[in-house]
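Asker: Given the coordinates of chain A, assemble chain B onto it according to the supplied hints.
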Amino acid sequence: DAGITQSPRHKVTETGTPVTLRCHQTENHRYMYWYRQDPGHGLRLIHYSYGVKDTDKGEVSDGYSVSRSKTEDFLLTLESATSSQTSVYFCAISESLAGVHEQFFGPGTRLTVL
Amino acid sequence: KNQVEQSPQSLIILEGKNCTLQCNYTVSPFSNLRWYKQDTGRGPVSLTIMTFSENTKSNGRYTATLDADTKQSSLHITASQLSDSASYICVVSLSGGYQKVTFGIGTKLQVIP
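One line per chain: the protein sequences are A and B, in this order. Everything in the first sequence is counted per this note's numbering, starting at 1 for the first residue and increasing by one. Everything in the second sequence is counted per this note's numbering, starting at 1001 for the first residue and increasing by one.
Wrong hints could be hidden among the right ones.
With a straight-line cut-off of 27 Å between C-alpha atoms, the simulated DSSO-like cross-links for lysine-lysine are [unchecked claim]: (1) Lys11(A) with Lys70(A); (2) Lys1108(B) with Lys11(A); (3) Lys70(A) with Lys1100(B).
Covered stretches of chain A, going by a simulated chain B footprint (3 or more residues, C-beta under 8 Å) [said to hold, decoys possible]: (4) 17-24; (5) 36-46.
These aren't lab readings, by the way, just hints derived from the structure by calculation. Don't be surprised by glycine CBs; every beta carbon is placed ideally from N, CA and C.
Excised from the complex, chain A in its bound form:
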């Protein structure tokens, strides 16, 4: 998985509780991303980062926040989890090679919100 780890790998939580997912990379890539994958949908971008402390929203960012205090770590926080946030979450990293970004994905975190 290209030097990318995600923790936890599985989590079950209750509606209204805060949840933080962690992505850690050893590749020193500048760009990091959080996606969610749901049945019937392609992966959808939640938030992304283009450097330490530099982040921006993706297409499905409502209810999520992120932080990146170090190059290697990108955290995704659900401030108050809802059942609609039950999903599989993937972290990805990329670096520009001749202007082309090839993304490498982590193993995923399966989150269930009851």
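Answerer: Below, chain B without anything else, positioned relative to chain A:
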């Protein structure tokens, strides 16, 4: 609206046979197209990446083609193996933004003995 559509949604083939998966896209302006393999319970793994000027790219038994004029791509798998059972995802990137990426839903391939 930028879209990536894949067909078929699912496919069952016998071990040793060949198969071709299709990807049509309406993404514009186009930067590159990638094919990923996703095993159950794992993250997607890159198979090929093609820019506008490339029309064929191979990775072992996987060969991807790209027709930028018709906005179509295909992934051909030769001499399939049981380990090819997975979802195959077509991904198209827009130019002008590394984060502007559209994912297809994927084709679920099952290779049976």
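Asker: Next, verify each hint and record whether it holds.
Answerer: We went through each hint and held it up to the structure:
1. Simply put, Lys11(A) and Lys70(A) have alpha-carbon atoms about 24 Å apart, close enough for the 27 Å limit, and the pair holds.
2. Annotation: proposed proximity of Lys1108(B) to Lys11(A) holds, straight-line Cα distance about 26 Å (limit 27 Å).
3. Straight-line distance between C-alpha atoms of Lys70(A) and Lys1100(B) comes to about 24 Å, which keeps the hinted pair within the 27 Å bound.
4. Taking a C-beta to C-beta cut-off of 8 Å, the segment 17-24 of chain A contributes 0 residues in contact with chain B, too few for the three needed, and the coverage statement is violated.
5. Given a C-beta distance limit of less than 8 Å, the hint that chain B covers the segment 36-46 of chain A holds, as 6 residues qualify and 3 suffice.
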